[in-house]
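Asks: If you want the building blocks of each chain, they are given just below.
Protein chains: 2
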Amino acid sequence: MQVLKCEYAVRGEIVIHAQRLQQQLQTQPGSLPFDEILYCNIGNPQSLGQKPVTFFREVLALCDHPSLLEKEETKSLFSADAISRAKEILAAIPGRATGAYSHSQGIKGLRDAIAAGIASRDGFPANADDIFVTDGASPGVHMMMQLLLRDEKDGILCPIPQYPLYSASIALHGGTLVPYYLDEKTGWGLEISDLKKQLEDARSKGIDVRALVVINPGNPTGQVLAEDNQCDIVRFCKNEGLVLLADEVYQENIYVDDKKFNSFKKIARSIGYGEDDLPLVSFQSVSKGYYGECGKRGGYMEITGFSAPVREQVYKIASVNLCSNITGQILASLVMNPPKVGDESYAAYKAEKDGILQSLARRAKALEDAFNNLEGISCNKAEGAMYLFPQIHLPQKAIEAAKAANKAPDAFYALRLLESTGIVVVPGSGFGQVPGTWHIRCTILPQEEKIPAVITRFKAFHEAFMAEYRD
Amino acid sequence: MQVLKCEYAVRGEIVIHAQRLQQQLQTQPGSLPFDEILYCNIGNPQSLGQKPVTFFREVLALCDHPSLLEKEETKSLFSADAISRAKEILAAIPGRATGAYSHSQGIKGLRDAIAAGIASRDGFPANADDIFVTDGASPGVHMMMQLLLRDEKDGILCPIPQYPLYSASIALHGGTLVPYYLDEKTGWGLEISDLKKQLEDARSKGIDVRALVVINPGNPTGQVLAEDNQCDIVRFCKNEGLVLLADEVYQENIYVDDKKFNSFKKIARSIGYGEDDLPLVSFQSVSKGYYGECGKRGGYMEITGFSAPVREQVYKIASVNLCSNITGQILASLVMNPPKVGDESYAAYKAEKDGILQSLARRAKALEDAFNNLEGISCNKAEGAMYLFPQIHLPQKAIEAAKAANKAPDAFYALRLLESTGIVVVPGSGFGQVPGTWHIRCTILPQEEKIPAVITRFKAFHEAFMAEYRD
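Protein chains in written order, with UniProt numbering: chain S, 1 to 471; chain C, 1 to 471.
Only chain S is shown next, with the shape it has when bound in the complex:
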């Protein structure tokens, strides 16, 4: 049964245990060696205190209750550009009905805005007809898997380590995950030679490999692909006839000066590939970036290079679920078109955005350094996204203790970490890793003032763990 095969570690056993401990802290304060649970398992910034961007929320509130726009007091409560943006958005919604089902792909005027945002980001045109607005990025991924996978002989090339949405969705839709390994030694590099090898291996086993998933910036690895590497990936997909599924939800989360985000569509168009050369899907979400609006469930996929009959099937799947939520649709149009220089909100918006991204960069660096200072831990640089994925070189004794407890060694480590410190991380086995290596994924999202305490608690735990299990 496909549901039984599916695994989703970022909300798995350890998180459920953490929720139990959190209840225990409420009902029996002082009964645990820590006084709060610190969720570093999931990229959920606002759950850890990040504030929403004011402009976005002003517009949402006005669209939720449009009669505010007729009141005098509103002018003193909301910024002028939030008011004018809300009016523009309402004018773009048929009948100004924010409570109506929209077109299955999303409200046309909002898709126009999203396409304009993409075009301005990439310097290449984008088309509202290619946009499917979705409840976060996940439903888009499920739709594409549903479309691409007929049975277990259909395969999808996925990075290892990968975000478990992909393995879960492939399992749910009855296909086969064809792994390719990111190279930890070269900062989680993506080697075309490994891609090619894994593709040929799969084909020799009779697997019809239909698509390649690339997550850039990387989850859980935090790497940002170099432009050259992206060009090679695009050529590889064209030559091998693969759909390129580009998870680009961390496009705003870049923390190093020598890397920048390039969408795969921009790369493809830059090297002269048009619609006919390559079927390409780009996933974007309002949950990540500096906005971190996970709870609003907004996002979109931009699909290009598919034939009309295939697009019709995508439309049909989208239409079965009627439409994505309008609040999320509005927010997706906003994150792709934030305030501009000259707008009343611009200075405040810019300060909020820069404040969040600069703080994330500092937090990433502090955690990365802390991990690298611990015995038996090595951690690549967090160039982007919201995670670190350090390797834990576990002593043999710890591995045996895990075996005795019937746990994967990294799950054993993560569980002990939770029980000692309240820090929730996800074991590397949930993402996939080179056999015999062990990792954890830890978000960089605890509030900045809490980072020193997180590091202190983590260090104390790790040292005690190593002292207990050192070979």
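Now the in silico label distances, taken between C-beta atoms and shown as ranges:
id: 1; chain 1: C; residue 1: Gly241; chain 2: S; residue 2: Ser378; range: 49 to 59 angstroms
id: 2; chain 1: C; residue 1: Pro309; chain 2: S; residue 2: Gln23; range: 14 to 24 angstroms
id: 3; chain 1: C; residue 1: Gln26; chain 2: S; residue 2: Gly274; range: 25 to 35 angstroms
id: 4; chain 1: S; residue 1: Asp257; chain 2: C; residue 2: Ser120; range: 51 to 61 angstroms
id: 5; chain 1: S; residue 1: Lys397; chain 2: C; residue 2: Gly274; range: 45 to 55 angstroms
id: 6; chain 1: S; residue 1: Asp35; chain 2: C; residue 2: Gly342; range: 36 to 46 angstroms
Here are a few chain S residues that face chain C, going by a calculated C-beta distance under 7 angstroms:
id: 7; residue: Ser47
id: 8; residue: Glu58
id: 9; residue: Lys71
id: 10; residue: Arg297
Once the Cα atoms are required to be at most 30 angstroms apart in a straight line, the calculated DSS-like pairs of lysine-lysine come out as:
id: 11; chain 1: S; residue 1: Lys260; chain 2: S; residue 2: Lys51
id: 12; chain 1: S; residue 1: Lys316; chain 2: C; residue 2: Lys407
id: 13; chain 1: C; residue 1: Lys450; chain 2: S; residue 2: Lys87
id: 14; chain 1: C; residue 1: Lys316; chain 2: S; residue 2: Lys407
id: 15; chain 1: S; residue 1: Lys316; chain 2: C; residue 2: Lys403
id: 16; chain 1: S; residue 1: Lys108; chain 2: C; residue 2: Lys51
id: 17; chain 1: S; residue 1: Lys353; chain 2: C; residue 2: Lys87
id: 18; chain 1: S; residue 1: Lys450; chain 2: C; residue 2: Lys87
id: 19; chain 1: S; residue 1: Lys75; chain 2: C; residue 2: Lys51
id: 20; chain 1: S; residue 1: Lys71; chain 2: C; residue 2: Lys71
id: 21; chain 1: S; residue 1: Lys51; chain 2: C; residue 2: Lys71
id: 22; chain 1: C; residue 1: Lys153; chain 2: S; residue 2: Lys316
id: 23; chain 1: S; residue 1: Lys350; chain 2: C; residue 2: Lys71
id: 24; chain 1: S; residue 1: Lys87; chain 2: C; residue 2: Lys51
Note that these hints are calculated values from the structure, not bench results. Glycine is no exception: its CB is placed at the ideal position from the N, C-alpha and C atoms.
Let chain S serve as the given structure and place chain C on it in line with the hints.
Replies: Below, chain C without anything else, positioned relative to chain S:
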């Protein structure tokens, strides 16, 4: 390929054609024999001018932009109970973070409120742990189908006619739809004898029938089940070991005095069946009722009577999509707990609610009478929901013309209706019907002042159609 097999008529060919005509009206006004497209294909009240309930939108706006709660002007812009409700809701959300992913089942405090609303509706206890808050009702249906269907040997008993979400979801998840027929002659009655016959037929073909879908009030039929009938259905499910999937999204939409809504859970508990007797799922949505907040994508399913391992699988599927949108979650808690006598908003809320429901009842009656006054059309009473499903007794000549045009006869009729009047309805073939009978589904949602014009246009079309094709 499961996607190709899936059909979803309420957003199918005719709707796509209508969207084309709508664009034509914009670019070439006057080029068609009507000046607006009237969408009667889908239960989408706000797209046809229904206003959202003020109290609900006030609370949503305050939750979207909580800093409003600190401002003095807010007291003059919002009702006192909307302000206090928003404060309660924010207090129930961990970290007051309306932009964070929630628990996979939905925010615990909101589920508590939903459970309290259910308990107060039914007079039997409800438990927040049994609630899965979802983006409208559809994702809950998909989750259950995903769980229940392993392959094409697994079947689901579905009414014919049915809402095509069920046929689409069963097709997408690779199972078999086992039809049972609602009896048009007895006002779309549900006959246990037919259920039993269809179940035995399916079993004799080796189908493992796992669940029974009942839609009450009915979609597309508009019937409301009698309490006795519901008792029989519950007993049938228990005796046959079937999961009862109760689509109860129209629970607030009842237009006749001699019928009332009873949840299947209330019925089951009333006849003494507890958790162990019957696995039961109730689907509810913020899209229907008097609220009609389709675009907000809120809803929940209440699941009772499942074993712990099965519930864990439901939880896992829910967790793969992280959580439903928080705005929809809040709204689901509100529709299950609207203002009460004594609250500042109560009188306004009550007037809005009654106004909408009374108007819907008048519109249903006017359309029903109009259909029954036309040659060759017979229409059952709309007791509830948002639709009429008249039978069109098409002349043989029309059936042959449809055949020549390579269309189902009811699709041919609906297409001609659209092209003559701009009225969009869904052909009965999209819902299933007794072979050789032809229907259309028409919502009762056009604004009340437009109903006379709708009837006039419909009548003129139908008379011309009959004149053209009369045998």
